[in-house]
Structures are given as structure tokens and as C-alpha cells.
Amino acid sequence: QKEVEQNSGPLSVPEGAIASLNCTYSDRVSQSFFWYRQYSGKSPELIMSIYSNGDKEDGRFTAQLNKASQYVSLLIRDSQPSDSATYLCAVNSGGTSYGKLTFGQGTILTVHP
Amino acid sequence: SAVISQKPSRDICQRGTSLTIQCQVDSQVTMMFWYRQQPGQSLTLIATANQGSEATYESGFVIDKFPISRPNLTFSTLTVSNMSPEDSSIYLCSVGREAFFGQGTRLTVV
Chain A
7 QKEVEQNSGP
17 LSVPEGAIAS
27 LNCTYSDRVS
37 QSFFWYRQYS
47 GKSPELIMSI
57 YSNGDKEDGR
67 FTAQLNKASQ
77 YVSLLIRDSQ
87 PSDSATYLCA
97 VNSGGTSYGK
107 LTFGQGTILT
117 VHP
Chain B
311 SAVISQKPSR
321 DICQRGTSLT
331 IQCQVDSQVT
341 MMFWYRQQPG
351 QSLTLIATAN
361 QGSEATYESG
371 FVIDKFPISR
381 PNLTFSTLTV
391 SNMSPEDSSI
401 YLCSVGREAF
411 FGQGTRLTVV
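Keeping their order, the protein sequence lines are chains A and B.
In this text, residue positions in the first sequence follow my numbering: the first is 7, and each later residue adds one.
In this text, residue positions in the second sequence follow my numbering: the first is 311, and each later residue adds one.
FYI, nobody ran anything at the bench for these hints, they're computed from the structure.
It cannot be assumed that every hint is accurate.
[What the hints assert, rightly or not] In silico SDA-like pairs for lysine to any residue, Cα to Cα no more than 20 angstroms straight-line:
hint : chain 1 : residue 1 : chain 2 : residue 2
1    : A       : 48        : B       : 349
2    : A       : 48        : B       : 367
3    : B       : 317       : A       : 62
4    : A       : 48        : B       : 316
5    : A       : 62        : B       : 408
6    : B       : 317       : B       : 334
7    : A       : 48        : B       : 351
8    : A       : 48        : B       : 334
9    : A       : 48        : B       : 348
10   : A       : 48        : B       : 319
11   : A       : 48        : B       : 372
12   : A       : 48        : B       : 328
13   : A       : 48        : B       : 364
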């Protein structure tokens, strides 16, 4: 069974710090990797996608992918209280069925002033 | 990104009844996906809905419990049948390679 595991939380960081979220996956043929942010009572919102090994930066967010280690991470720089949410790692599990995702259990992040 | 509208946004239903959730997309898409998020849990894929063919269900989900319709390339429905309190969840539809989600349907079964 294809699995996606996220580092256990909850994670608490002070405002302005770097938050580091980690995720491992079991299916070696996975090609697409995503990070979603979910505020309480809201639906998940895509914040980063990554398809190739290495780093991808978008504003304060950096996604890192290492397919050999089956590892994907998300760094949030200069964390803000508004970043407090549940972060979900997701991996494409459908081959050419894009959009068919397996989600990790989520990591709750709290950024305290 | 696509704009996805789901109806209803929330509902409280009696056990034994059924609820049909609608998902409308502002552009034509080949596949639509239905997910369930149980309280305090992550998302689990229920099924993939292709226009013109039967939906493909994931392990643990069956058509009799979660019938799906996909009459055209912009619309799908998910029915939660013969509901029990264990069906209380958020149900979400998504489209696209990067899984853009609707606002979800929060279902409570009493």
C-alpha cells in the first residue's frame, strides 16, 4: 500500500523562525509532490508543487525533493502567525491519473508571536 | 487554477437517509476526484470520476455506498447513501494535476 508519512507534530516555532516540515513516501515511481495548507474549517490550499530533485523556492516557501531518499520537505522562512495551520504532504499515486493523490496525516504548525 | 463550487456547504442528516453532493467546475476537465476527510484526519480518496464511464473506487469504498455521477465535463455528484454517524466527514471534490479543491461539504449524521 502506498504510504505518505509526515513528521509528527504539532510543531511550534517563534515568529520569524524557520519552520521545517518533512515527508517520506513509499512509492518509488511517484513523480509529483505537493504541499497543502489547511486552515481549521477550510479546504486544503495548494502552496507548493515539485516534480524534480532539488529545491524550488516561492517567496518564503522552499520545497526540497530527494527521490533517491524518497523524501520531500517544506521550509517556511520568516514564519508568521498567519502560517499557523495544518500542512499536508501529498504524492501523486495514479501514474498518468493526475490529481489522484495520497496524503500524509498532516503536521500542525503553530507560529507564536 | 479552476474554480470549483460545491453544494451544499454543510448539512445535518438523519441516519439511514442519503445526501447528494454536487461539484461544479468552471472549465471542462477529464477527471474529477472525490475525497473524504474524517474528523481530525487527513484526506482519503474515495473515487475518480471520468465522464462517460463508471467511476473508479478506491479500496474500502463501494459504489452502493457512494454512487457517483459524471454527466458532463464540468459537473459531478457524490451520494452518501444509508448514512450512519461514521459518515460524518468533510467531502471534497478536486480537479487538475495539482488537485484544486472545492470548499467542501461538511456532513454531520445524527
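Taking the hints in turn, this is what the structure says about them:
Between the alpha carbons of residue 48 of chain A and residue 349 of chain B the distance comes to roughly 13 angstroms, so the proposed pair stays at or under 20 angstroms and holds. Distance hint between residue 48 of chain A and residue 367 of chain B is unfulfilled; the C-alpha atoms sit about 25 angstroms from each other, more than 20 angstroms. A threshold of 20 angstroms between alpha carbons decides the hint, and for residue 317 of chain B with residue 62 of chain A the separation of about 35 angstroms lies outside it, so the pair is violated. A hinted pair counts as satisfied when its Cα atoms are at most 20 angstroms apart, and residue 48 of chain A with residue 316 of chain B qualifies at roughly 13 angstroms.
A distance of roughly 16 angstroms separates the Cα atoms of residue 62 of chain A and residue 408 of chain B; the hinted pair therefore holds under the 20 angstroms criterion. At roughly 9 angstroms between alpha-carbon atoms, residue 317 of chain B and residue 334 of chain B fall within 20 angstroms of each other, so this suggested pair holds. Restraint check for residue 48 of chain A and residue 351 of chain B: the C-alpha separation of about 13 angstroms stays at or below 20 angstroms, so the hint holds. Of the pairs offered as hints, the one joining residue 48 of chain A and residue 334 of chain B holds, with about 18 angstroms between alpha carbons and a cut-off of 20 angstroms not exceeded.
Of the pairs offered as hints, the one joining residue 48 of chain A and residue 348 of chain B holds, with about 13 angstroms between alpha carbons and a cut-off of 20 angstroms not exceeded. With a C-alpha separation of about 11 angstroms, the suggested pairing of residue 48 of chain A with residue 319 of chain B holds against the 20 angstroms cut-off. Under the criterion of a C-alpha separation no larger than 20 angstroms, the hint pairing residue 48 of chain A with residue 372 of chain B is inconsistent with the structure, at around 27 angstroms. At most 20 angstroms may separate the alpha-carbon atoms for a hinted pair to count; residue 48 of chain A and residue 328 of chain B exceed this at roughly 24 angstroms.
For the suggested pair residue 48 of chain A and residue 364 of chain B, the alpha carbons sit about 30 angstroms apart, so the restraint of at most 20 angstroms is broken.
Checked against the numbered hints listed earlier, the structure breaks hints 2, 3, 11, 12, 13; every other hint is satisfied.
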